[in-house]
Every structure is written in C-alpha cells, then in structure tokens.
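K.L.:
So the chains spell out like this:
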Amino acid sequence: AQSVTQPDIHITVSEGASLELRCNYSYGATPYLFWYVQSPGQGLQLLLKYFSGDTLVQGIKGFEAEFKRSQSSFNLRKPSVHWSDAAEYFCAVGVLTGTASKLTFGTGTRLQVTL
Amino acid sequence: EAGVVQSPRYKIIEKKQPVAFWCNPISGHNTLYWYLQNLGQGPELLIRYENEEAVDDSQLPKDRFSAERLKGVDSTLKIQPAELGDSAVYLCASSLGGAYSEQFFGPGTRLTVL
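Protein sequence lines, in the order shown, are assigned to chains Z and F. Note that the working numbering gives residue 97 to position 97 of the first sequence, counting from 1, and the numbers run on in steps of one. Note that the working numbering gives residue 1071 to position 71 of the second sequence, counting from 1, and the numbers run on in steps of one.
Treat each hint with caution, since some may be false.
To be verified - Below 30 Å or equal to it, Euclidean Cα-Cα: the simulated DSSO-like pairs (lysine-lysine) are:
id	chain 1	residue 1	chain 2	residue 2
1	Z	Lys49	Z	Lys61
2	Z	Lys68	Z	Lys102
3	Z	Lys102	F	Lys1078
4	Z	Lys102	F	Lys1011
5	Z	Lys49	F	Lys1011
6	F	Lys1062	Z	Lys61
What the hints assert, rightly or not - Sample of chain F residues with no beta-carbon within 12 Å of chain Z, all distances over it, derived:
id	residue
7	Gln1006
8	Glu1052
9	Phe1065
10	Val1073
11	Gly1085
12	Asp1086
13	Leu1091
14	Pro1107
The hints are simulated quantities; they were obtained by calculation from the structure and are not laboratory data. From the three backbone atoms N, C-alpha and C, an ideal C-beta is built for every residue, glycine too.
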C-alpha cells in the first residue's frame, strides 16, 4: 500500500526567507504526487501536481516541487516566503483506481511565518 | 464559479445522537468524495461516488456511517449514533472525473461530539 511521510510537523521561517518542505512517499509503481495547502477554516487547495515528464513542477503562488525517484521524494520549495503563506501543507500520493485517483495524504506540515 | 459547498460548518452534539452533513459539489462534477480529517492528520477517504454510484466505500465504517448521493448531485453523510471518537472535520470534494482530474475541496464540517 502507498504511504506518505512528512517528517516536519512544524516549521517556522522569516518572511522573505526560502522554504523547503519535505515529502517522502512509498509506492511500488510510478506515483502521482500532489501538494495541497489548507488555511484555517478552509478546504484544501491544490498547489501543484506531478504525473510524468519534467521532474521540476511549477505551481501556483510561486511554489515549485521536484520529483526525485532515487530518493522517493517530492519536496516543495519557495524562494521567498510571504506572511500569507502561513498554513498547513499536505503532500499526497495518488493511485489510479478505476476512473479516478485515490489520494493518500501525509500528516501535514504547519508553516509559521515570522515578520 | 461557486466552489464546493458544505453545511453546517460546525456541529456540536451529544454522543449517541445522529448527525448529518450535506455537500453540494461544483456544477458538472460527476465524482464526489467524502474525507475524514482528524486533528493533526491528513484527510482520509471515506467514500467516493461516480454520479450516484458509490464506487469505493471500503473505508466507510458501515455500522454507523451511511452516505447517499441522490440524482448524482448533492450528497449527505450520516452518522448514527455518533461516538466521541467521531469528533473531526468532514471534508467533501468533487472533480470532473477521470484519472487526472483535480479534486476541489469544500471548507469542511467540524464535528464535536460531547
């Protein structure tokens, strides 16, 4: 069965600093990988996704992620963090089941941004 | 375009009481999902609908949970009777369908069982 590990429960960065959130997955075949963001009281919003092709994926809000098969990782990065980026970030692996992807989420990383 | 709508946003009930959550997906989205999100955890799939058919309910605790999606649009998730451990956020999501279709999430219903 597939699984996702987000080793950092909580990360604090200063506004303007760079950010990297770690994600490791376990899945026997080619994974479909996602990063979602969840602000307090809000639903999850898709930041970016990887299905195939270029291993460096660009997303919304200036985020990017790099798929590294050898390390089973899909880390999320942003060169300069804004205070509005404070939220919970979830990595997920998708498995095709019939006509849809079944998502398995990690436990999340809470990002705090200091001014 | 309106997003996924869920109601109520918050619900507090006594244990052993019944509770129901409602979800209105994005117009035209054939696939609907219900997820359970415990505090400090990521969402876990409870059930997935393709139109009005439940195609994956393997994670739904069927002794107390039930769901329906009449006419393939709105959906209701019910718990009867609720237990203390059911306190969580219940998220609804929808997608156009297809393997690469993005899931759009609603704001969730936060359930507290006392």
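K.L.:
Are the hints correct? Go through all of them and say.
P.N.:
To see whether the hints hold, each was checked on the structure:
For the proposed pair Lys49 (chain Z) and Lys61 (chain Z), the alpha carbon gap of about 14 Å is at most 30 Å, so the pair holds. Between Lys68 (chain Z) and Lys102 (chain Z) the CA atoms are separated by roughly 21 Å; this keeps the pair inside 30 Å, and the hint holds. Restraint check: the Cα-Cα separation between Lys102 (chain Z) and Lys1078 (chain F) comes to about 22 Å, which is no more than 30 Å; the hinted pair holds. Restraint check for Lys102 (chain Z) and Lys1011 (chain F): satisfied, since their Cα atoms lie roughly 28 Å apart, inside the 30 Å limit.
For the hint pairing Lys49 (chain Z) with Lys1011 (chain F), the CA-to-CA distance comes to about 33 Å; that exceeds 30 Å, so the pair is violated. Annotation: proposed proximity of Lys1062 (chain F) to Lys61 (chain Z) is violated, straight-line Cα distance about 40 Å (limit 30 Å). Not every C-beta of chain Z lies more than 12 Å from that of Gln1006 (chain F), the closest at about 8 Å, which undercuts listing it as non-interface. At roughly 15 Å, the least C-beta separation between Glu1052 (chain F) and chain Z is larger than 12 Å, which holds for a residue marked as non-interface.
For Phe1065 (chain F), the requirement that its beta carbon stay farther than 12 Å from each beta carbon of chain Z is met, with the minimum near 18 Å. Distance to chain Z confirms Val1073 (chain F) as a non-interface residue, since its nearest Cβ pair spans about 18 Å, more than 12 Å. At roughly 18 Å, the least C-beta separation between Gly1085 (chain F) and chain Z is larger than 12 Å, which holds for a residue marked as non-interface. Distance check on Asp1086 (chain F): its Cβ is at least 19 Å (rounded) from any Cβ of chain Z, clearing the 12 Å threshold; non-interface status holds.
With a least CB separation of 6 Å from chain Z, Leu1091 (chain F) falls inside the 12 Å interface cut-off, contrary to its annotation. Non-interface status of Pro1107 (chain F) relative to chain Z is broken: a Cβ of that chain comes within 12 Å, the nearest being about 5 Å off.
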